[in-house]
Amino acid sequence: MLGIIRIDGHEIPFEPGDNLLKVALAADVDIPYFCYHAALGSVGACRLCAVEIMSDDPDKVPRVAMACLEPASDGLEVSVSAPAAQQVRQRVIEFLMINHPHDCPICDEGGECHLQEMTVACGPAYRRYQGHKRTFTNQNLGPLVHHEMNRCITCYRCTRFYQDYALGDDLGAMRLRNEVYFGRFQDGPLESPFAGNLVEICPTGVFTDAIFRQHFTRVWDLKTASSICPHCSVGCNILPGARDGTLRRVRHRPHPEINRWFICDRGRYGHQYSEHTARPLTPRVAGATITYRKALIAATEQIKAAGDRIGGLGSIREDLEGNALLRALLNNLNGIFSAFNDPELEAATITAVNRIQNSDGTPSLTEMEQVDAALILGDLTAHAPMIDLALRQAYRRGAQLTVLHNGPTPLTQFAVTTLPVPPHEMGAYLSRLHERITASPASKDVQDESTAEIAERLAAARRPLLIGVVETLAASEIIALAQLATALGTDARLAYALPGANAYGAALLTLASRKTTTILEAIETGQIQTLIVAGTDPLGDTRLGSRWRAACQRLNTLIVLDCIATTTTAAADILFPVAAWAERGGTFVNYEGRAQGFAPAFKRLELLPSTAEVIADLVQCLDLYLPDAPAVLSEAFPGYQAPVPGSAGSLMPVHPLPTHIDTATRSDHEHHHKHWQAALTTWYGDEELASFAPALMKLAPTATALISPAAALNANIEEGAQVKLRGPVGTMTLPVQLDNRVADGTVALTRMALVQLGVGHGDLLELEPVS
Amino acid sequence: MEAVLTRHLDPTAPLGLPAYQANGGYRSLTAAFDLKPEALIKIVEDANLRGRGGAGFPCGLKWRLRGTDAPRPRYLICNLDESEPGTFKDRHLLYGGPHQIIEAIIVSAYALQAERSIIFVRGEYAKGGNSLSRAIKEAETAGLIGSNIGGSGFDLQIEVHISGGRYICGEETAQINAIEGRRPNPRPKIPRPSVKGLWGQPTTSNNVETLVNVPHILLNGADWFRNLGVNGGCGSKLFCVSGKVQHPGLFELPIGTTARELIFEHAGGLAKGRDLLGFIPGGASTAFLLPKHLDVPMDFDPIAKAGSRFGTGCIIVFDDVTCPLQATLNLIRFFARESCGFCTPCRDGLPYLAQILTTIAAGQGQANDLSLLEELCAMIGPQSFCAFAPGAVMPLVSSLQCFREHYERHITTGHCPFDTVNKKGA
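For the record, the sequence lines run as chains G and A. Residue numbering for the first sequence is 48 to 818, as defined by this note's numbering. Residue numbering for the second sequence is 58 to 483, as defined by this note's numbering.
So that you can see chain G by itself, here it is in the shape it has in the complex (with noise of 0.2 Å):
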């Protein structure tokens, strides 16, 4: 039953167990606070929250109370306005600017600084205190974060950010009195996967974001709009700050359901990748830079030579409108489109939403956190952070953990069970566990202990999650992933993380299974003259770049569209340079089925459209008539309406997805003594976009060749030994590390040496010691 008090007239209706700040500050009561906050709740540590409580007793003397210690009883009379409370508001405010440096002309925190803030509604407007300040010596916490202790209030906040809610344990409070000093035990680099948010959970400039500091504005002069994160399929809502045409730094933005408070580095510091050196900004023709109107000419020509003879890659990372206007050009010149480069990737992930949409609906984040059990396959960490912070609040309410992995993953550490599977195993291994949980009790063998151990947690949990990391499962994985789902019944929950922010999107423009197989053979076969790709790599796919590489020398005209330079832009004969992620307006479809639309936070100076500003260019040139993208996407989703930019976004309407699904497991099963097999290996730095963001690829993991230990005694291999690796492409000489979270008989490597060796993750590669 809800309760009603008072503060300071105001009626307040509150929730059982509410303490008064958290009552007042959701009725935009204000009441001053530093330590409280809403992800970390109360600790009672700043004592600004002070207010007065009135007391039953009429002849009692108010007291004065921490509002945030505070619980809500029914007809509770409060006031914030006190002279009581609003003295001792005072004295904290005097006694935490004691040795406050009150740098604000310099410090990057202006602006958009609680203690700012705090100090100009509470404080004193003089100092009384006359003696020395402290002085603390800052540390170098790496390239993200910028440290600055003499600012320290000591509120807790980045501690109880840091340890208690993202589980990170290389940052910490140290010494004790008025010396109190938050930072490393030594100088280096923060490696949680979450530092950036300290930047926003200090009320203060202690921790300040290091790559705005290198260019930095007044935060009143950044020029911002509501975006969603492109960097994974979490589709976290974000607030980029650009100004003078350049974006300056990305911060949360809430969603109540997804990110509410933070976001994770990649998607913090990932957008360097728009002020990229190497980023095209010109069009370029034949190796020329031209005019963007020059470009479309020269587009247009090729196009209409090409007649049918025409392909389009469309992408995961591509918006919902560039792709859907691409497929559409395509229909209408009879030409093939396929939102996808790799028909693995694309089997996998057409299966994924395939299941999803079959499913009663993939939890959110803040559902994640309520489950008490999850089984997650592969690297959650590296392709969807913001799960693994998530997974860990789960974990903080005792959710147990299993992780079925190839190679090393850091979600490993909060598990029960962490089992290592080589990638040609994990179906295997998924359907014996299968059978464990809907075998009847009398035939459960105990041959397997861990198999059962995990299947009985899993049919013993009241709210189960199961969690697979599509880019290294094979679509035969996905579906015995979502069968072990409804095996363990109702109140299973399934989830996938996908590998693009739009790959759902991407997926649900799929009209055919295979159509990734059926453009690459016919450009193989001379049947397409003209391909367009827009904001994909297939140049420098894993598994198949050097496929793509050949049969593009085919091609009369490669036509691309990307905001990042890579092996395709390189390869292109027209190149269209278009905004990136910030600069546009759009809609990503996130893991969920979510659609999220997003706003231009800010232009360059240079002429840079949008994908689909460039294809409703092109349409314009060749004498077409196309619907513009929102007519197209009601078209292809019947009851689609684009969500608004800042918006909660809205559901995808479920759609038929093409059902034959090639669940024939990975290629080569002969066993060679020399083959390993190459599983992907990543951080959650890793990917395509955030690899060209300078600061974040500082802290990437040098390459290595990483085994198990048991694997390299039987190869007779030891750490550090320099190991030759063979693949279908290429071959390489890489240091060996040995890792007991590797599989057995699999070899984890980064994305880099994937590509350079031409194998995907699973496929069979050859190892040997360099003598």
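A few of these clues could be false.
[What the hints assert, rightly or not] Distance condition first, Cα-Cα at most 27 Å in a straight line; then the derived DSS-like pairs of lysine-lysine: (1) K184(A) / K194(A); (2) K362(A) / K349(A); (3) K107(G) / K246(A); (4) K253(A) / K93(A); (5) K99(A) / K246(A); (6) K745(G) / K771(G); (7) K107(G) / K362(A); (8) K69(G) / K246(A); (9) K341(G) / K351(G); (10) K253(A) / K69(G); (11) K341(G) / K650(G); (12) K99(A) / K253(A).
These are calculated hints, taken from the structure and not from any lab test.
Fit chain A to the given chain G structure using the hints.
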């Protein structure tokens, strides 16, 4: 009064297990195991044993409030983190004879039906803590600790935790954090540690001196214990007297003994020709008392009535050539240094007080400094998170009341009045 707690204590040669048992040690175990735990708690309640750590909360009531249906495992923490300036009573118990502490813990843990006890020892008492650990091993080997002790069906494990060494670790909830390996900041008091304490389990914390009374109460009865006190007090007490006295030391005397008797009879009075300026009755975090309070019984309620706190019952004596401002500054500096740094008033307020006092002591005080000090103390005490800061400002608030003219003379004359006195004396 015959010594009860200190009878067999000898810091130079503490009794080993056989000698301790030969002197009647561990007899209370049999007495305890014959009783139901609730009956034991009743005896402690009847004895009116009040907590000796400083707050004086009735021990029996604390144990009863934990509840017999508290979920298991339950913990008993023996607080031996004695860090209060002027207080050295627990040190004597530790170094004088560890087995008395162990016996007390076994009996108390039985009353609480706690299966694990942790003795939290001040870092500077590490040597004592190590011999306590050895004594625990001795007792374990003899079957006095472990499972099914003496066929009673009661299991107990006792461990020693040597503190990292900060004053705040003596605070009940900060101590729990310290034992858990966390930063020793105090925790919110709701839920209470008796409900959700160490590792989230029901936890009872008692000062070591409180606990060592329990076996004696059990063997001799509640009435015997109540009759040990004088002037309305119950039990025997370890008093310390330090400061400007001829024979500072530790004295076991009936609770309720007057400060006059303690200072002038047992501690040998002040040096010849010196008068008493005032004293602090219960450790550094209690208010100053004046010569007129010498005949107040040293017990919780009478001392509270006189405007101070009985605290640890350890007196610090100041004579008439000691500058009360300097003495208070010394205490405030101590507390400013020991603040854990968690809440604002304590962390940043106490150094502010120290800074103002330092200025006045240097003869550079301003006319409104004293009212500023009072204004700050009135906020720091009540508005901080735990009991540390209220205790820390207590000597300053009382010192400003008791010795105001001395403070004012520092400001008006621009120097310390006691400098001249001392120079004349020398």
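Against the structure shown, which of the earlier numbered hints fail to hold, in ascending order? Every hint satisfied by this model.
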